[in-house]
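Enquirer: Here's the letter readout for the chains.
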Amino acid sequence: MKSSDSSNRKRLNRARWFGYAILALFALISLGPIWIAVKTALSDSKTLFSDASSFLPQDPTLFNLQRVLGFADPADPRMAQMSYGKIDFFRALTNSVVFTLLAVIPQIAFSAMAAFAFARLQFVGRRLIFFLFLCATMIPAIVLFIPNFILIKDLGWLNTYQGMAAPYALMTPFAVFFLRQMFLSTPRELEECARIDGASYVSIFFRIVLPFHRSALATLTIITSLSAWNEFFWPFLVGRSESVRVMAVAINAFRQQQAGGTPDWSGLMACTVLGIIPIFILLLLFGRKVVESFQYAGPK
Amino acid sequence: MSDRKLSPVLPTPRQVTREPTRRSFFRTLFYKDSVCAWIFVAPALIGFTVFYLVPCIRAIHISLTDWNLLRPPRFVGLQNYARLWADGQFWNAMRVTLLYVLYNIPIQTVIGLLLAALLDRVGRSVALRAIILAPYLIANVIAAILWFWMLDPLLGFINALLQSMGFARIPFFSDQQLALPTIAAVNIWRHMGFVALLFYTGMQAIPRSLYEAARIEGAGPWSSFWNITLPLLRPTLVFVLVTSIIGSFQIFDTIAVTTLGGPVNSTRSIVWYIYESSFEYYKMGYASAMSCVLFVCLTVVTIVQMRILRSGQSELS
Numbered sequence: 117m118k119s120s121d122s123s124n125r126k127r128l129n130r131a132r133w134f135g136y137a138i139l140a141l142f143a144l145i146s147l148g149p150i151w152i153a154v155k156t157a158l159s160d161s162k163t164l165f166s167d168a169s170s171f172l173p174q175d176p177t178l179f180n181l182q183r184v185l186g187f188a189d190p191a192d193p194r195m196a197q198m199s200y201g202k203i204d205f206f207r208a209l210t211n212s213v214v215f216t217l218l219a220v221i222p223q224i225a226f227s228a229m230a231a232f233a234f235a236r237l238q239f240v241g242r243r244l245i246f247f248l249f250l251c252a253t254m255i256p257a258i259v260l261f262i263p264n265f266i267l268i269k270d271l272g273w274l275n276t277y278q279g280m281a282a283p284y285a286l287m288t289p290f291a292v293f294f295l296r297q298m299f300l301s302t303p304r305e306l307e308e309c310a311r312i313d314g315a316s317y318v319s320i321f322f323r324i325v326l327p328f329h330r331s332a333l334a335t336l337t338i339i340t341s342l343s344a345w346n347e348f349f350w351p352f353l354v355g356r357s358e359s360v361r362v363m364a365v366a367i368n369a370f371r372q373q374q375a376g377g378t379p380d381w382s383g384l385m386a387c388t389v390l391g392i393i394p395i396f397i398l399l400l401l402f403g404r405k406v407v408e409s410f411q412y413a414g415p416k
Numbered sequence: 010m011s012d013r014k015l016s017p018v019l020p021t022p023r024q025v026t027r028e029p030t031r032r033s034f035f036r037t038l039f040y041k042d043s044v045c046a047w048i049f050v051a052p053a054l055i056g057f058t059v060f061y062l063v064p065c066i067r068a069i070h071i072s073l074t075d076w077n078l079l080r081p082p083r084f085v086g087l088q089n090y091a092r093l094w095a096d097g098q099f100w101n102a103m104r105v106t107l108l109y110v111l112y113n114i115p116i117q118t119v120i121g122l123l124l125a126a127l128l129d130r131v132g133r134s135v136a137l138r139a140i141i142l143a144p145y146l147i148a149n150v151i152a153a154i155l156w157f158w159m160l161d162p163l164l165g166f167i168n169a170l171l172q173s174m175g176f177a178r179i180p181f182f183s184d185q186q187l188a189l190p191t192i193a194a195v196n197i198w199r200h201m202g203f204v205a206l207l208f209y210t211g212m213q214a215i216p217r218s219l220y221e222a223a224r225i226e227g228a229g230p231w232s233s234f235w236n237i238t239l240p241l242l243r244p245t246l247v248f249v250l251v252t253s254i255i256g257s258f259q260i261f262d263t264i265a266v267t268t269l270g271g272p273v274n275s276t277r278s279i280v281w282y283i284y285e286s287s288f289e290y291y292k293m294g295y296a297s298a299m300s301c302v303l304f305v306c307l308t309v310v311t312i313v314q315m316r317i318l319r320s321g322q323s324e325l326s
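From first to last, the protein sequence lines stand for chains H and Z.
Residues 117 to 416, numbered by the numbering used here, are exactly what the first sequence covers, in order.
Residues 10 to 326, numbered by the numbering used here, are exactly what the second sequence covers, in order.
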């Protein structure tokens, strides 16, 4: 009896270690490619071939990062060594920040207002409008992109920040839906007390609902900011000029630039690493919140 | 109209509108709270109308025209749809897309389930979840370029590794047979952690007592996964499958960065083909017709899935 128990435990232990091994393998698969990008970004272009299978950069250098950001000294002898691609990645990162702010802040404000109305206020057509909002989540993006592109073009907003941000700025069905779900859970007593004290809906919204759902608003901010930061298709359609193009569009353009010859890999990987850094900072600072945001915003 | 009919009974039409028992539509629309509600909804409603509702109707309208953006649109009825039916490239794009979904979804779902079960049973640390989620947080474009570099035939890490182990180098993205599975693999890499996280959340809702009971009955981890975890996970499974299949059908970014539809159309997915038709050849009508067909297909796929998987019901509760 006793011996079978201990062998059972041994087997369980072995299964546990096997589980850890698989998890470790997947962690490696997840982070490995990102590490290779970092390694390449820190390597001298000349060593790419000889160093292809190594895990660490030989003579690590920040030169590639400086050069894609436009901080490298043009007189630097290394600038003349290779025919590097042209990119002003500093500009692209700034554009990404502007685009993200313009798309996210008004989107959350207006979606929160609408969500409050859907959750708590009475008006004709409330169900119908909400149902239509829900249906909108089903429409494939490309169906809307063609007419929206034409609209932005007719407005003369091609290659402008407002043209890139407009479709996201007033609402996204996801934001409205998510916040309505949350606002429905506001304790009735809180709101009713305020009503009895003569508070208007506007002050209930600002003084009770928004503060009460701080955490949900933070979750939504994380999700929408990341998706705006990573957005490619729409900015690619309406914001291609160098003055407004965002990080993802710039990286794509940079890669297509050398479509014929050998791409400027160390430069590309420098851009890639710079595009990933903000996400890793976010993970390091608010890791738990980010993970939980994606975990719980899903199937609701 | 109605006023005139009522006028013999009631002295003046003005009194009809003042009738106290019936509230006019106008007044219901704007009674006290309502005004406030409309102000709250207005910005979102405008955004929805301008960027969702009207474009959706306009897409159907454009699909009935021949339009290259330079000349005014010419109404052609259903001609675009007839052309599409006869277009070999369209059917190729549909085939490529379907194939992509078949490469992508099963593997992604199985890996997601495996990872979630492991997270649920052996390691629940946030750090581990964050690491596994990381690929999902980086942009599609960056994931694509990262793997384009890793798999580069000449300088890529994987190929260098393959060679050092004595294998031949593999031109992943430029081989007609391999390009599409490679793109699917890149997206599996990006999505597996997110899918795992959603499954993990679903698994957390399953009462531990069920596993305890199963263990006392002598069920191993494998059988408790099949008989407890999987059936009780169905609502999550349905959600993940429906959303990931819809997303998978719309594969674009990875193709735009790496293969541009090649080699020899082997990665020309439907959205890439629509993009080419509209934004490179300016066949707005034809592209809109294809996008409407895609919309219909996706709606059908979603309804069929919901039916098959009986999404609403859960064995819990």
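Calculated directly from the structure, the hints in this document are not laboratory data.
Do not take every clue at face value.
Said to hold, decoys possible - In silico SDA-like cross-links for lysine to any residue, where the CA-CA straight-line distance does not exceed 25 Å:
{"#": "1", "chain 1": "H", "residue 1": "Lys405", "chain 2": "Z", "residue 2": "Ser232"}
{"#": "2", "chain 1": "H", "residue 1": "Lys202", "chain 2": "Z", "residue 2": "Leu163"}
{"#": "3", "chain 1": "H", "residue 1": "Lys155", "chain 2": "H", "residue 2": "Thr378"}
{"#": "4", "chain 1": "H", "residue 1": "Lys126", "chain 2": "Z", "residue 2": "Ala143"}
{"#": "5", "chain 1": "H", "residue 1": "Lys269", "chain 2": "Z", "residue 2": "Arg133"}
{"#": "6", "chain 1": "H", "residue 1": "Lys126", "chain 2": "Z", "residue 2": "Leu163"}
{"#": "7", "chain 1": "H", "residue 1": "Lys126", "chain 2": "Z", "residue 2": "Met174"}
{"#": "8", "chain 1": "H", "residue 1": "Lys269", "chain 2": "Z", "residue 2": "Val59"}
{"#": "9", "chain 1": "H", "residue 1": "Lys269", "chain 2": "Z", "residue 2": "Asn77"}
{"#": "10", "chain 1": "H", "residue 1": "Lys155", "chain 2": "Z", "residue 2": "Val59"}
{"#": "11", "chain 1": "H", "residue 1": "Lys155", "chain 2": "Z", "residue 2": "Ser232"}
{"#": "12", "chain 1": "H", "residue 1": "Lys155", "chain 2": "H", "residue 2": "Asp167"}
Claimed, not checked - Quick partial rundown of chain H residues pointing at chain Z, CB under 8 Å, derived from the structure:
{"#": "13", "residue": "Ala131"}
{"#": "14", "residue": "Ile138"}
{"#": "15", "residue": "Thr156"}
{"#": "16", "residue": "Leu172"}
{"#": "17", "residue": "Leu237"}
{"#": "18", "residue": "Leu260"}
{"#": "19", "residue": "Asn264"}
{"#": "20", "residue": "Gly314"}
{"#": "21", "residue": "Tyr317"}
{"#": "22", "residue": "Arg323"}
{"#": "23", "residue": "Ile324"}
{"#": "24", "residue": "Phe328"}
{"#": "25", "residue": "His329"}
{"#": "26", "residue": "Ala369"}
{"#": "27", "residue": "Met385"}
The beta carbon of each residue, even a glycine, is placed where N, CA and C say it ideally should be.
Enquirer: With reference to the structure, classify each hint as holding or not holding.
Expert: Comparing the hints with the structure gives:
Pair hint H/Lys405 plus Z/Ser232 does not hold up; C-alpha atoms about 34 Å apart against a cutoff of 25 Å. Distance restraint check for H/Lys202 and Z/Leu163: the Cα-Cα separation of roughly 23 Å lies within the 25 Å cut-off, and the hinted pair is therefore satisfied. With a CA separation close to 19 Å, the supplied pair H/Lys155 and H/Thr378 stays within the 25 Å bound. Pair hint H/Lys126 plus Z/Ala143 does not hold up; C-alpha atoms about 34 Å apart against a cutoff of 25 Å.
A C-alpha spacing of about 50 Å is found between H/Lys269 and Z/Arg133, which places the hinted pair above 25 Å, so the restraint is violated. For the given pair, H/Lys126 sits about 47 Å from Z/Leu163 by alpha-carbon distance, which is inconsistent with the 25 Å threshold. With a CA separation close to 36 Å, the supplied pair H/Lys126 and Z/Met174 exceeds the 25 Å bound. Only pairs whose Cα atoms come within 25 Å are accepted, and H/Lys269 paired with Z/Val59 is accepted, the gap being roughly 14 Å.
Distance hint between H/Lys269 and Z/Asn77 is fulfilled; the C-alpha atoms sit about 13 Å from each other, no more than 25 Å. Between H/Lys155 and Z/Val59 the alpha-carbon distance is near 46 Å, which puts this suggested pair outside the 25 Å criterion. Note on H/Lys155 and Z/Ser232: the hinted pairing is violated, with a Cα-Cα distance of about 44 Å set against a maximum of 25 Å. As the CA atoms of H/Lys155 and H/Asp167 are separated by approximately 10 Å, the hinted pair is consistent with the 25 Å bound.
Interface restraint check: H/Ala131 against chain Z, minimum CB-CB distance 7 Å, threshold 8 Å, status holds. Because the closest C-beta pair between H/Ile138 and chain Z is about 6 Å apart, less than 8 Å, the hint holds. Interface hint at H/Thr156: satisfied, since its Cβ lies 7 Å from the closest Cβ of chain Z, which is below the 8 Å cut-off. The beta carbon of H/Leu172 is not positioned within 8 Å of any beta carbon in chain Z (closest approach about 12 Å), and the interface hint is therefore violated.
Given the 8 Å rule on beta carbons, the hint for H/Leu237 holds: about 4 Å separates it from the nearest Cβ of chain Z. Interface hint at H/Leu260: satisfied, since its Cβ lies 5 Å from the closest Cβ of chain Z, which is below the 8 Å cut-off. This hint holds: H/Asn264 has a C-beta 5 Å from the nearest C-beta of chain Z, less than the 8 Å allowed. This hint is violated: H/Gly314 has a C-beta 14 Å from the nearest C-beta of chain Z, more than the 8 Å allowed.
Because the closest C-beta pair between H/Tyr317 and chain Z is about 5 Å apart, less than 8 Å, the hint holds. The beta carbon of H/Arg323 comes no nearer than 15 Å to any beta carbon in chain Z, farther than 8 Å, and the hint placing it at the interface is violated. Because the smallest distance between the Cβ of H/Ile324 and any Cβ of chain Z comes to about 15 Å, over 8 Å, the interface hint for this residue is violated. The interface hint given for H/Phe328 is violated, since its Cβ lies 17 Å from the closest Cβ of chain Z, which is over the 8 Å cut-off.
At a threshold of 8 Å, the smallest CB-CB gap from H/His329 to chain Z is about 15 Å, leaving the interface hint violated. Look at H/Ala369: its Cβ only gets to about 10 Å from chain Z, farther than 8 Å, so that hint breaks. For the restraint placing H/Met385 at the interface with chain Z, the shortest Cβ-Cβ distance is roughly 6 Å, inside the 8 Å limit, so the hint holds.
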